[in-house]
Amino acid sequence: MKIHHPVQLLLVGLMLASAWGLPFLTHAPNRLLTGTGIELAALLRGERLWLLVPVLPLLMAPFLTPLRKTGLAVAIAASLWLAGLTWLAGDEAARLAGGPDSLVRTSFGGGFWLLFILAGLQANDALRRLNGPGGRQTLAQLAVYGPVLWLLLSGRLEALSVLKEYANHRDSFDLALWRHLQLVGLTLLPACLLGSALGLLTFRQSRARGPVFTVLNIIQTIPSIALFGLLIGPLAALGKLFPASGLAGIGLPPALLALTLYGLLPMARGTLAGLQQMPEGVIEAARGMGLSPRQRLLRVELPIALPVMISGLRVTAVQAVGLAQLAALIGAGGFGAIMFQGLLGSALDLVLLGVIPVVVLAIAVDALFALLVSLLEVTPR
Amino acid sequence: MIEFSRVSKVFDGRKAVDELDLVIPQGELAVLIGTSGSGKSTTLKMINRLVEYDAGTLRFAGEDVRHFHPETLRRRMGYAIQSIGLFPHWTVEQNIATVPQLLHWPKPRIRDRVTELLELLHLEPGQYRGRFPHQLSGGQQQRVGVARALAADPDVLLMDEPFGALDPVTRAALQEELRRIHALSGKTIVLVTHDIDEALGLGQRIVLMEQGRIVQQGSPLELLTHPASDFVRDFVGRSDIGIKLLALDRVADRTRHDEAVGGEPIASSSTLREALSAFITRKVDRLPVVDEQGRPAGTLHFCDLLEAQA
Ligand SMILES: Nc1ncnc2c1ncn2[C@@H]1O[C@H](COP(=O)(O)OP(=O)(O)O)[C@@H](O)[C@H]1O
Ligand SMILES: [Mg+2]
Numbered sequence: 001m002k003i004h005h006p007v008q009l010l011l012v013g014l015m016l017a018s019a020w021g022l023p024f025l026t027h028a029p030n031r032l033l034t035g036t037g038i039e040l041a042a043l044l045r046g047e048r049l050w051l052l053v054p055v056l057p058l059l060m061a062p063f064l065t066p067l068r069k070t071g072l073a074v075a076i077a078a079s080l081w082l083a084g085l086t087w088l089a090g091d092e093a094a095r096l097a098g099g100p101d102s103l104v105r106t107s108f109g110g111g112f113w114l115l116f117i118l119a120g121l122q123a124n125d126a127l128r129r130l131n132g133p134g135g136r137q138t139l140a141q142l143a144v145y146g147p148v149l150w151l152l153l154s155g156r157l158e159a160l161s162v163l164k165e166y167a168n169h170r171d172s173f174d175l176a177l178w179r180h181l182q183l184v185g186l187t188l189l190p191a192c193l194l195g196s197a198l199g200l201l202t203f204r205q206s207r208a209r210g211p212v213f214t215v216l217n218i219i220q221t222i223p224s225i226a227l228f229g230l231l232i233g234p235l236a237a238l239g240k241l242f243p244a245s246g247l248a249g250i251g252l253p254p255a256l257l258a259l260t261l262y263g264l265l266p267m268a269r270g271t272l273a274g275l276q277q278m279p280e281g282v283i284e285a286a287r288g289m290g291l292s293p294r295q296r297l298l299r300v301e302l303p304i305a306l307p308v309m310i311s312g313l314r315v316t317a318v319q320a321v322g323l324a325q326l327a328a329l330i331g332a333g334g335f336g337a338i339m340f341q342g343l344l345g346s347a348l349d350l351v352l353l354g355v356i357p358v359v360v361l362a363i364a365v366d367a368l369f370a371l372l373v374s375l376l377e378v379t380p381r
Numbered sequence: 001m002i003e004f005s006r007v008s009k010v011f012d013g014r015k016a017v018d019e020l021d022l023v024i025p026q027g028e029l030a031v032l033i034g035t036s037g038s039g040k041s042t043t044l045k046m047i048n049r050l051v052e053y054d055a056g057t058l059r060f061a062g063e064d065v066r067h068f069h070p071e072t073l074r075r076r077m078g079y080a081i082q083s084i085g086l087f088p089h090w091t092v093e094q095n096i097a098t099v100p101q102l103l104h105w106p107k108p109r110i111r112d113r114v115t116e117l118l119e120l121l122h123l124e125p126g127q128y129r130g131r132f133p134h135q136l137s138g139g140q141q142q143r144v145g146v147a148r149a150l151a152a153d154p155d156v157l158l159m160d161e162p163f164g165a166l167d168p169v170t171r172a173a174l175q176e177e178l179r180r181i182h183a184l185s186g187k188t189i190v191l192v193t194h195d196i197d198e199a200l201g202l203g204q205r206i207v208l209m210e211q212g213r214i215v216q217q218g219s220p221l222e223l224l225t226h227p228a229s230d231f232v233r234d235f236v237g238r239s240d241i242g243i244k245l246l247a248l249d250r251v252a253d254r255t256r257h258d259e260a261v262g263g264e265p266i267a268s269s270s271t272l273r274e275a276l277s278a279f280i281t282r283k284v285d286r287l288p289v290v291d292e293q294g295r296p297a298g299t300l301h302f303c304d305l306l307e308a309q310a
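Protein chains in written order, with this note's numbering: chain A, 1 to 381; chain B, 1 to 310.
No lab work stands behind these hints, which were simulated from the structure alone. Note that the structure is predicted; figures quoted are calculated from it, not measured. Heads up, some of the hints might be wrong.
[To be verified] To spell it out: a stretch of chain A is covered by chain B in this simulated footprint if at least three of its residues, at any positions, have a beta carbon under 8 Å from a beta carbon of chain B; those stretches are:
(1) 286 to 298
(2) 347 to 353
[What the hints assert, rightly or not] Okay, the calculated bits of chain B under chain A, using three or more residues with CB under 8 Å as the criterion:
(3) 111 to 118
(4) 234 to 241
[Unchecked claim] Cβ pair distances, simulated, as ranges:
(5) A/R68 <-> B/L184: 50 to 60 Å
(6) B/L184 <-> A/A143: 55 to 65 Å
(7) B/H134 <-> A/L375: 52 to 62 Å
(8) A/Q276 <-> B/Q293: 46 to 56 Å
No residue lacks a Cβ here, since even glycine has one placed at the ideal position from N, Cα and C.
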């Protein structure tokens, strides 16, 4: 047997180790007590053994000849395995659950998380071989998680403690989601406009390049908690000076300001890189043809730079999704609020409820922009 | 059409163009030639104000170029450069239509013009108008570049080493196109090159520049037969001036129409330089001549290379 995919081999090795080494679920009589671990092997009995069918192709993945077909097969197997793992957790939780008033808690264990992530990575790696036009790869990568999503929406996972937390905190969850999206959306607009303006400036004025990027890099290296803290003072002072402005040291405005500042660097860098990769002579030709500076910008420079600019915006957006988590520290809300509530109350499942959606959101935003970039790049350039 | 009088341009305290006097009459194909850094491109770009001159006066159509709005001026002048600079996100058609679109020509007129230009430059319109620049060879790209420069029927065509990056075969083909376009349209063309053969082959007036000044200007024949200095003589190619002189005349000019010989014929449109090569390689002293349609047109004698028949 020849090893065609060393990455897959590593993933398979880790998969086997985590299946045996770590508890798949933890089970506790109530949320205050530490749970006892349940091994995967202990759950796989009787008909549940069918769940192991997709594992076979996954184990073989490192040795398969690199083809579209085999890549697709591995991805489908991984998708089924992901769904199987999730269903198993939900099914076992339902079996262990007591009556409606029971305080019993069944949570995902370390083994589940590792197996889940490893299968996701296997699918991701396998789909890299699927070089199709216009975002086909991105769509396929999202489709892998389709069955899991279906399980979640169908209510088969309700007995798991994270979903119990969700049921208990439904209102604050919806609020957090809305606020998180608001934080990201309201960051993107100014970061995009200002960042691309800075990129354009540094392209036109190469002398400004050094200072501008030095400042943006420094901002980027300030830890986000520190930046949120630093902004409290000046903004509170401004809010006192101009009460009508609605500015305050805590809440949405300082969070948006901080997130925007962080978003500037990737956007400005993407814009500059996009403009710099302009083929030689294009600008001279545009000038020589008699395009005005404005026409040059709108008809030639920006359209040519657009795909790379959007890659910059992609980084800005994904980064904003993650950083917005910390905005809860200065009272701006978002999923961070749920996470910190859980951390303070030592309620691990509540922490998960505040973290998992952010991970999903980050992946979704990333995929969305990847799709956009690949669609733009299909139009021949 | 274009008049430089004592025009200078200073870059960082150095004169890139130094008190240049030059008149390019309407319809002439003038070639600026010189070593690299001699100020050719600067001279060319002052005409369409990509570079603003510092001293003297530079007139276009009798008026100081500074009196024109730069964009208006540029839209009246075609511009083609060595790096071509086609817009990569636009099709061939959109690229060619750049200036007509800026001038708000009606759509059907633009379409017809694009078709006409593609045909003029021997690119099958149906096949090429929808292509993107990256789908073309270098030679085809420059054909599109030239078509784009000609699109709005400009008064003047400015070209900065347009064929410099092409392989010799493609370059020769495009030089031939340019000769044809010039003959057909009678446009004023200013061409920058550093290739003396291109200059001698295309130019009606050759302007030899060095350090921002004109060393000598004149017809190809004048430069070859009366070089003003050793520099000019070296530049036009001291040892093979004779060969270059032969390149200025065509076989048709020396053909004896009343004679006929056998053997592989030479086209009457070939240069005498090509004829010399044919004499030497075929080891003959007479060559049959055929016209454009391939019909026998007479005979060329080796001794006739020396001078035209009375
Ligand atoms: N934009 C510019 N800034 C500074 N110096 C320039 C600029 N353009 C040209 N020069 C200088 O002017 C001189 C003539 O340049 P150019 O006209 O490009 O020469 P050529 O086209 O004959 O090679 C060169 O010494 C060149 O370095
Ligand atoms: Mg030059």
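Status of each hint after checking the structure:
By the rule of at least three residues with a Cβ nearer than 8 Å to a Cβ of chain B, the coverage given for the segment 286 to 298 of chain A holds, with 8 such residues. Judged by the Cβ-Cβ criterion of 8 Å, the segment 347 to 353 of chain A is not covered by chain B as claimed, because only 0 of its residues qualify and three are needed. A stretch counts as covered by a chain when three or more of its residues have a beta carbon under 8 Å from one of that chain; for the segment 111 to 118 of chain B and chain A the count is 0, and the coverage is violated. For the segment 234 to 241 of chain B, the stated coverage by chain A is violated: 0 residues have a C-beta nearer than 8 Å to a C-beta of that chain, whereas at least 3 were required.
Here the CB-CB span from A/R68 to B/L184 is close to 54 Å, well matched to the stated 50 to 60 Å. Taking the beta carbon of each, B/L184 and A/A143 are about 59 Å apart, inside 55 to 65 Å as hinted. At roughly 18 Å, the beta-carbon separation of B/H134 and A/L375 lies outside the given 52 to 62 Å, and the hint is violated. For A/Q276 and B/Q293, the Cβ-Cβ distance of about 54 Å falls inside the hinted range of 46 to 56 Å, so the restraint holds.
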